Amino acid sequence: MDKKKHCVKLSVQPSRALMDEKFIVLVQNAPPGFQMTIHSLHHSEDGHSWEAFGHYTADATGTVNVSQDHSVGGTYSGVEPMGLLWSLRPVPGSKPHLRFRKMNVQTPMEVTISVYQGHQTVFVDQVQLASVLVERWYMAPGVRRIPVTESNLTATLFLPPGPGPFPGVLDLWGGGGQLVEYRSALLASHGFASLALDYLTPKITLKTGKMVENDYFETAYKFLQQHPQVSGSRIAMMGLSFGTTMTLKMAVYSEVMKLSCAVCISGSHIQPVNATVEEIFIMFDTKSEKTRISEENEVIWHDVVLPVPTDPGMKADVGRLQCPLLLIVGEDDQNWAAPESAQDIKEMMEQAGNSHLLTLLSYANTGHLIEPPYTPHTRASRFKPVGSNELLVVLWGGETVAHSRAQEDAWRKTLAFLRENLYSRKNSAVTFTSHL
Amino acid sequence: MPYTDPPILSVYPSRALVDEAFKVLVENLPPGCPVTVHSLHLSEDDNYWEAYGHYISDHRGSVSVSEDVSFGGTYTGKEPMGLLWSLRPVPGSRQGLRLRKMNVCTPMLVNISVHCGHLVEAFRDQTPLASVLTERWYMAPGVKRIDIRERGMRGTLFIPPGPGPFPGLLDLWGGGGGLLEHRAALLASHGFVSLALEYLTSGEIPTARLDYNYFEKAFNIIQDHPLVTPDRVGIFGLSLGSFVTFNLAAKSTIINPRCCVCISGFHCHPYRSMGEMIQTNLNKLHVDENNYQIWRDMSLPIPSDISKKVDMGKIKCPLLLVCGHDDQSYPAVELAEDIAQMVHAAGKDHLLTKVFYHGTGHMIEPPYSPHFRATTFMAKTKPKVILLWGGQTKPHSDAQEDSWKKILAFLQHHLYSTPNPRAKM
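Going down the list, the sequences are from chains A and B.
So that you can map any letter, position 152 of the first sequence is 152 in my numbering, and since no number is skipped, the others follow by simple counting.
So that you can map any letter, position 256 of the second sequence is 256 in my numbering, and since no number is skipped, the others follow by simple counting.
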């Protein structure tokens, strides 16, 4: 046992990387045919432990390469270079319905990767043969994080390194509110000046009790447009869930915002036209009789916006869109009728003659929370919508393997779409995503 | 000429160990566009270092430093890492500067930028088209750094992450003295518990007699560490550090290194100090056209009298010798051949591996470290002494890259692998 213990050498390359970059996990010097478990462990900011593991057998040279070899068991199976990240789940004994979210983007996510002898499933009292630490960053070196409070905005601007000017992205999350920075940090690491905007729980709303209006988004847009390091004529808007509702509202109706393109994830165009933000938000709340509860007592809000209205006064008129639109939906979205809305959006645009602007990515077995790649998939988690005091368990949907593949694919395509529309020179194909 | 569409510059990985390669890519340029890719680093002692290459974008408007050819600058040809190894002090800097990271807990920050046209100067007066920052680390995440001040010893211990146990290394630098941590930190990042040992005060001409008890105690400290496998500890030396290593390997009755790596070493030093060596051989101390001292001839001819040398036939463990043909401070290749003869005469060829590199000087450092042909040595003397180390930048940098791979493979083999190590790789 001691000789084996001495031999095993574990390396992860790169040991420091962005959240959306791949790594190679290599075990060497094991005895040929040696059975081992490769394990990942992460202690989250909110004090929970997450783990993933794969069962491997060393080849004749005593090597296991996670990017090339099959896992025959564990939290993932098959050839899965990044399975140790996307299949992370709370360790046994954890509180149920947790969600992985890094709120402090200035420090890396630290993951300990270890090797154990044999095909293990319980790790508490096991002795590791080897172990290394890996850092996963949302911010590339040189990215600047700038809190923004002017003009009553509650936002954070992430600027790429360099002189600029950079194209801009206005980045919105959904009905849970708060100021969520990680996607913007990652976008800035890819060359976009990205403004993460809190529009449901900004300081001004907490102070006055009043929700923001359209002009809040327009102020955010103008902030970006006038920023000395942002190209005022190359600004995109991106939203997830309720953020999609707002993005489509602005993209279609705002006379101030001239967007170069829009990205809408897991959302819909269904909203009363000419309503205030508050009226739209409340609209989703009052339809609670369409809420369903699963067998495990999880809240399913999928039906709340259905059926897709035929009344044009109840949907954003996407036929009027003048900029390219990337729609990303999960077919197992249990929270929002995103696929159904996407179909209707497509038909409306075909009828209006602007469907050449639409790219629709629809992923089977994928749920609502389509996050940056390798973010652990959460099928249901505790959620408190803004304005409510109730902490519910909400069903997001998705099957882990398919959902994780969708996250990887959607992100790559999102970056390509943004580059195409915000950076592209005529006749050039910008395709630098080879290592993602 | 301003572009309305800004280029996109990226370095992958943006954070890496100093011995890891990166890919620098520029996209979204106009096709067939001449650009300069430039690197800039501000050292800990406040000097600017830069490198640059001249490129032309392809039909898609891309420049890939890994794939494309540089037509001019501080490096030419297809050189993925030229932006690091060809770093040199910016015009107007003092002479004899050396780039060394003393604080290994923070990364070396390098600014990579792309400029319009083929520039040769005044980079900092121009706004680049784009620029990014890349971090180069000596310490992998989880590596621990521990100050060692015990048993009269001064050094720094670096411990890899994980349960261990690990093999160990005693890391010895040269006659310039001081406590240099960067190689030990990097070795720990590759899985070896490494002790960087200070045995001479920096800046002074070494006059102290080398006390081998000191090194044996340091070796024991590594062996005694709870995370170290005591019979898998080796020694890594450069220059005077190699001399110490030869002595320990051949003569020590107290320690048994598992294997040794010796860079730019000499086994002939029948003097009490460097100062005495210089005094005895003043007639053979030459200077070049810049007044840089060339010490090489002071060690020639190599004595045949074995009492004036370390008897290398007495070594008991595998030894890897790395030398440069253009070493101007010591005739390292001739010395290595003399060592080989002694080892051969003792019937121990199987223990020795020699690797020699053309166009390579004395200071063979980890990969992508900028090459310095001559630097200040013993800075506290007046007048300042600048020593010629030798080497031409391109072959010397190739040697640094190649030798490091060989060194790591050698250490991996003898310290990690089979219980019956072979000397030849």
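Keep in mind the hints are simulated off the structure, nothing from the lab.
Watch out, some of these pointers could steer you wrong.
The list that follows gives simulated cross-link-like pairs (lysine-lysine, BS3-like), each with its CA atoms no further than 25 Å apart [as the list claims (entries may be wrong)]:
1. B:K284 with B:K316
2. A:K22 with B:K23
3. B:K405 with B:K78
4. B:K314 with B:K284
5. A:K258 with A:K384
6. B:K217 with A:K413
7. B:K405 with A:K22
8. B:K384 with B:K348
9. B:K354 with B:K384
Here the structure is a predicted model, which is why all the values come from computation and not from measurement.
Now for the hints, and whether the structure bears them out:
| no. | hint | result |
| --- | --- | --- |
| 1 | B:K284 with B:K316 | violated, 35 Å |
| 2 | A:K22 with B:K23 | holds, 15 Å |
| 3 | B:K405 with B:K78 | holds, 20 Å |
| 4 | B:K314 with B:K284 | violated, 31 Å |
| 5 | A:K258 with A:K384 | violated, 33 Å |
| 6 | B:K217 with A:K413 | violated, 59 Å |
| 7 | B:K405 with A:K22 | holds, 24 Å |
| 8 | B:K384 with B:K348 | violated, 43 Å |
| 9 | B:K354 with B:K384 | violated, 34 Å |
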